[in-house]
Amino acid sequence: MISIKNLHAEVEGKPILRGVDLEIPDGEVHAIMGPNGSGKSTLASILAGREEYEVTQGSVTYKGQELLEMDPDERACEGVFLGFQYPVEIPGVSNLYLLRAALNARRKYHGEPEIDAVDFMQMAQEKIDHVGMSMEMAKRGVNEDFSGGEKKRNEIFQMLMLEPNLAILDETDSGLDIDALKVVSDGINRLRSPERSVVLVTHYKRLLEHCVPDRIHVLYQGQIVRSGGPELADTLEAEGYANLETDEAAATS
Amino acid sequence: MAAHEQDVEQLVAEREYEAGFVTDLESDTVAPGLDEDVIRFISSKKEEPQWMLDWRLEAFRQWKQMKMPKWPHLHYPPIDFQKISYYSAPKSAADKPKSLDEVDPKLLETYEKLGIPLREQEMLAGVEGAQYPTSGSNVAVDAVFDSVSVATTFKDKLADAGVIFCSISEAIREYPELVKKHLGTVVPRGDNFFAGLNSAVFTDGSFVYIPKGVRCPMELSTYFRINAENTGQFERTLIVAEEGSHVSYLEGCTAPQRDENQLHAAVVELVAEDDAEIKYSTVQNWYPGDENGKGGIYNFVTKRGDCRGDRSKISWTQVETGSAITWKYPSCVLNGDNSVGEFYSVAVTRGMQQADTGTKMIHVGKNTKSTIIAKGISAARGEQAYRGLVKILPSATNARNFTQCDSLLIGDKCGAHTFPYVESKNSTAKLEHEATTSKIGEDQMFYCLQRGLSEEDAVSLIVNGFCKDVFKELPMEFAVEAQKLLNVTLENAVG
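Chains as they are written, first to last, in the numbering used here: chain A, 1 to 253; chain B, 1 to 495.
Heads up, a few of these hints could be off.
As the list claims (entries may be wrong) - Partial selection, computed: residues in chain A whose CB lies under 8 Å from chain B:
hint, residue
1, Arg50
2, Tyr53
3, Asp73
4, Ala76
5, Leu82
6, Val88
7, Ile90
8, Pro91
9, Gly92
10, Leu98
11, Ala105
12, Arg106
13, Met137
14, Gly141
Hints are computed from structural coordinates only; laboratory data are not their basis. Even glycine gets a Cβ: it sits at the ideal position worked out from N, Cα and C.
Between the sequences and the hints, there should be enough to build the whole structure, so can you do that?
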C-alpha cells in the first residue's frame, strides 16, 4: 500500500524526521507509538500533504505513485484519509454538506457522476448509526460546538463514508471515554479489509486491545527504533520508552 | 490611484465635448455639465408636471450648498460633476463597445462561468445594438418562463390585486398624487450630497404601491419591469406599502453589469404603514473594473425605509460583490411602536475594490426592534469598512438591537475595518454587539483539501458557511444565484 524510504523532514529549519523507513502492505493495520515530540503527528501530516513541513530527503510510494508529488486533494481522491488529532470547526457548513462535497470530489476525480441525494442520505444514515451519532448532529456545522469525543466520532463517521484505502488516524483515541473508544475501534475494525490499510498513531495500548494491529512501530527522535507484533505494546507498557535509545540498533533489522 | 484619475478623464474625453450647453435632440444626450437648464431638459424629456420640475430645482439649489462627504474609508480622485453628462437615453453609440471583442476578457470569462447566453452577455456588457428581450425580462427569468406571456399574466395578476408596479417616470405622470405624497419623505432632498444630486437629476427607477391589506401575489423584481433597460446612473425607487400589506422586492442581477456611466447615485425610499411589511433584497454586481480598478463603477447609494406605522417591518438583505467603490447604508427609521427593522448583508471586496457600507437603525417608537447581521469578505487588495449606527431616541422605550458584524480575510493584502456607532438616549434600551474578524484558516483549508475538495471548492464552502445567516434571508432562487456568484467572484482568491 505504502512504502516510506529514508524520509527526512523539518519544520522552520528544525529536523523532525530523521530517516523514517516503513512498509505497510495491503490490508494491514499498523500502529505507530512513541513519546511526545518523536515525530508521529509530523509523519501523519506529511503523508496527508500538509505544507508547513519540508521534506528534505527520502521518498514515499503509495499504490505505486510518488505520494509526495501529489496535492493534498489529489491524495484524498486517491484514497488517503487523515483522521485529525484536532478537527477544525467550519461554521455554517453542515457535516453532511462537506461529506457530500468530498464524495462528489472523489467521484469527479475518477470520472464518475455525482452521488444521488437519496443514496447519499441512506448511506449517511447507516454509517451514522455505526458511530452512535444522530442525524441532527450530522446536519450541524462541521464540528461546530462538538465536544472532543464528538469530534473524534465525527472523524470516524467521515472515514466510514469516504471508505479510504489508507486511513491514517492521528491520536484519534486520545481524550476518549470507554464508550467513545469502543465506537472508534469498532469503526476501524469495520473498515479492515484486504484492500485497505490503516495507520494508528497512538500513545495508548488500550486502543490496540480493541483494534489489534498487525505490526507496531516505535518512533523515537524521528526514526523507527523498534518494530514488532502486537505483543510489543505490552513490552512498551511495562518498560516505557526510557530504554529505547539503547535499542536503536534493533530498529534497522 | 492614478488609474482612477485617468479613467475619469478618459470617460470625459470619450464623450464628444461641445462647448456650452447644446442639446442634441437626435441622440437625446446632453453635453456634460449640470445647471438648471439641464434639469429642465430632463424634466421636459420625461414630460413631467410643473411640481416635479420645481421639486428637482429646489433639490439642485440645496445640493449646490452641499459638499461631498469626506468621512468614508474610501480613496478616489475628486469627481468633477460638471464633466458628467446627466441625460443619455438611449446610451450614445460612441461610448459602447462595438462587439464583445472590445469587452474586458475577464468579464466575459465570468459570464461564461455564470452560464449566461451570448445575447445577454452583449446586453449586460452594454454592446452597441444589443437589445433586451421584448418584455424587458432578464437573465434570471427567461430561462424559466416565456418572457412575453409572463409579462402579460404578471401584469394582469398585479392589476387584479390592485398593485401598482411601474417606472417612476410613468408613476409621476399616471399617479402624481401618490408620488407627490411620498417622494422625498423618507430621504429628503437635502439629506446628503448624493441624495441631493439624485433628487435633482434622477432619470428613472421603480415605483411600487401596495394597497391596504394586500399581500403582493408575487415577488416583484426589476427583472420583470417593462422597459427595465437604461435605468441609468441616477435611479430613484419608491415603494409604498399601505396598512396591513406585504411585498417582497428584488433588485439587481448576479451577472456583472457594465455601464459607461462611472458614477452611480441611487436613492431608494420605502414607506411601511401600520402592520405593513417590506422585504427588499439586492444583489449588486456592477462592474468592479479590471485588475487595476480601471473602468469600475462608483456606487453611492442612499437607501432608507420608514417604518411609519405601528407593528410595521422593513427588512433589507443585500449581497454586494460589484463596483469599484461602494458607499451604501440601507437604513430603517423605526417610527411606529413595535416596528421592526432588519439588515442582512454580505459584502465582498477583491482586486482593487473598496466598500464603506453598513446600516443605520433609528429607534423612535416604543418596543422597536432591530437586527443587523453584516458579513464582510475581503480578498486580494480589497478594502472594506463596516459602518453602522444604532440610535435610540428618548421616546423609544424598551428598544432592542442585536448587531453582529463579522469579517473574513482571504490573503494578507486586504483590509477590514469596523466602525460601530451607538447613541442611546433611553435607559430601557437593550443593545447587543458582536464582532469578529477571522482569516480563512490554514487549518480549515487543509481539512477540506484532505477530504478531497479542490482549493476553490474549499474556499467557496468556507465562505458560503460564513454567509449562511444572510443567504437564508434571500428568496430561494436568489440565494442559489448569490452563492454561485460568490463562488465565481472568489475564484483564485487563495494562493
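Do the hints match the structure? See the list:
{"no.": "1", "hint": "Arg50", "in the structure": "6 Å, holds"}
{"no.": "2", "hint": "Tyr53", "in the structure": "12 Å, violated"}
{"no.": "3", "hint": "Asp73", "in the structure": "5 Å, holds"}
{"no.": "4", "hint": "Ala76", "in the structure": "4 Å, holds"}
{"no.": "5", "hint": "Leu82", "in the structure": "5 Å, holds"}
{"no.": "6", "hint": "Val88", "in the structure": "5 Å, holds"}
{"no.": "7", "hint": "Ile90", "in the structure": "6 Å, holds"}
{"no.": "8", "hint": "Pro91", "in the structure": "6 Å, holds"}
{"no.": "9", "hint": "Gly92", "in the structure": "3 Å, holds"}
{"no.": "10", "hint": "Leu98", "in the structure": "7 Å, holds"}
{"no.": "11", "hint": "Ala105", "in the structure": "4 Å, holds"}
{"no.": "12", "hint": "Arg106", "in the structure": "5 Å, holds"}
{"no.": "13", "hint": "Met137", "in the structure": "16 Å, violated"}
{"no.": "14", "hint": "Gly141", "in the structure": "7 Å, holds"}
Comparing the model with each numbered hint stated earlier shows that hints 2, 13 do not hold.
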